[in-house]
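Residue numbers for the sequence shown follow the working numbering, so the first one is 14 and each next one is one higher.
A couple of the hints might just be wrong.
[To be verified] In silico DMTMM-like links for lysine to aspartate or glutamate, alpha-carbon gap of 20 Å or less:
| no. | residue 1 | residue 2 |
| --- | --- | --- |
| 1 | K58 | E117 |
| 2 | K222 | D275 |
| 3 | K58 | E108 |
[Stated by the list, open to error] DEER-style ranges, computed between Cβ atoms:
| no. | residue 1 | residue 2 | range |
| --- | --- | --- | --- |
| 4 | F177 | A310 | 34 to 44 Å |
| 5 | P215 | S31 | 30 to 40 Å |
| 6 | M60 | S31 | 45 to 55 Å |
| 7 | M60 | G216 | 23 to 33 Å |
| 8 | R189 | D275 | 25 to 35 Å |
| 9 | E117 | W138 | 30 to 40 Å |
| 10 | T309 | P175 | 34 to 44 Å |
Don't read these hints as lab results, they were simulated from the structure.
Note that beta-carbon positions come from the ideal geometry of N, C-alpha and C, so glycine has one too.
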Amino acid sequence: MRPRHDGRQKAGKEVSLSTITIAHISDPHLPSEMAPPRLTERLNKRMFSYLSWTRRRRFIHRPEVLARVMEDIVTSQVDMIALTGDLTNMGLPGECRQARRWLEQMPAPCTVIPGNHDTLVHDDWQATVGLWQPWMGPLPFPFVRRIGNVALIGVSTAVPTPWFRATGRIGVHQSRRLRTILHGAGQQGLCRIVMIHHPPVPGLAVTRKALTDTRNFSECIAREGAEMILHGHIHLSTLSSLPGPAGGVPVIGIASASARSDDPLRTAGWNRITVSPRGNGYEIGVTRRFFPADGTAGTTRETIFDPSPPSRCFSGISTP
Numbered sequence: 014m015r016p017r018h019d020g021r022q023k024a025g026k027e028v029s030l031s032t033i034t035i036a037h038i039s040d041p042h043l044p045s046e047m048a049p050p051r052l053t054e055r056l057n058k059r060m061f062s063y064l065s066w067t068r069r070r071r072f073i074h075r076p077e078v079l080a081r082v083m084e085d086i087v088t089s090q091v092d093m094i095a096l097t098g099d100l101t102n103m104g105l106p107g108e109c110r111q112a113r114r115w116l117e118q119m120p121a122p123c124t125v126i127p128g129n130h131d132t133l134v135h136d137d138w139q140a141t142v143g144l145w146q147p148w149m150g151p152l153p154f155p156f157v158r159r160i161g162n163v164a165l166i167g168v169s170t171a172v173p174t175p176w177f178r179a180t181g182r183i184g185v186h187q188s189r190r191l192r193t194i195l196h197g198a199g200q201q202g203l204c205r206i207v208m209i210h211h212p213p214v215p216g217l218a219v220t221r222k223a224l225t226d227t228r229n230f231s232e233c234i235a236r237e238g239a240e241m242i243l244h245g246h247i248h249l250s251t252l253s254s255l256p257g258p259a260g261g262v263p264v265i266g267i268a269s270a271s272a273r274s275d276d277p278l279r280t281a282g283w284n285r286i287t288v289s290p291r292g293n294g295y296e297i298g299v300t301r302r303f304f305p306a307d308g309t310a311g312t313t314r315e316t317i318f319d320p321s322p323p324s325r326c327f328s329g330i331s332t333p
């Protein structure tokens, strides 16, 4: 039995370790044999998502694959799990309750932000995504959770959209708050890791699935900076960057944690991120663990992100 971790247990608590290890996972789309939506839930995007699940996606997002990823994280003894959205497939209250039970069994404290599948339609916050608030920081978004000298900053891009679209939006109010948070955390000398569901780099997602106001986000990063940005959504392991005041800020994406695939960049995996104080900043190491459909496991070479400007411009993570 895995230990139960209420997300409130270590929120804001200092950790004595000089190096913090974070497991970045995303888009588990918790596999389950879902019941069809009730009649009152059918005349919206949830029915389309249900049909997509029954016809195709349930063969891709597999419980045994997700279990493998989580067991691998257990053996790594991480200090925090950063989960960048899409815990569910339709955002139904029953799915959100199932996701809460899954979060309670996490092998380490976990920080969560919602994804577009978690907010397909307007619904009661307390009966759906609000059930995960113990694994978030103080709301409204963006929230901040401290673990040692790391500030995890949770941004929400999850907004209901029309049929056949999966776009995200930050909005003006979140952008203003994000700028303030980044500035304050920077003044405190914290390692600022931003969690966002939709990739904030133009071109990573097709138009109908992209972040619609990337400029709002990129302007915050360009002005205030961050040490790293984590995202999911596109079910692909990627490495890119955004301009920051001291050089390129690494933007790290990870494939779905439950995806069965032969493509090493699309198969299930997780990013092992280590944050170590170095001089006036932080040295951040990233290694990706991945699990192809043939039952093997792979590990990329570690990439080290140097905190000292202007050498923050970085080399890419090697692919297998």
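Okay, the hints, checked on the actual structure:
1. K58 / E117: Answer violated: K58 to E117 is near 28 Å, above 20 Å.
2. K222 / D275: violated, 24 Å
3. K58 / E108: holds, 15 Å
4. F177 / A310: 34 to 44 Å: holds, 36 Å
5. P215 / S31: 30 to 40 Å: Because 37 Å falls inside the window, the suggested range holds.
6. M60 / S31: 45 to 55 Å: holds, 51 Å
7. M60 / G216: 23 to 33 Å: holds, 31 Å
8. R189 / D275: 25 to 35 Å: Hint violated: Cβ distance 44 Å, outside 25 to 35 Å.
9. E117 / W138: 30 to 40 Å: Violated, since E117 and W138 (Cβ atoms, about 19 Å apart) do not stay within the stated range.
10. T309 / P175: 34 to 44 Å: holds, 41 Å
In summary, the structure is inconsistent with hints 1, 2, 8, 9 from the numbered list given earlier, while agreeing with the others.
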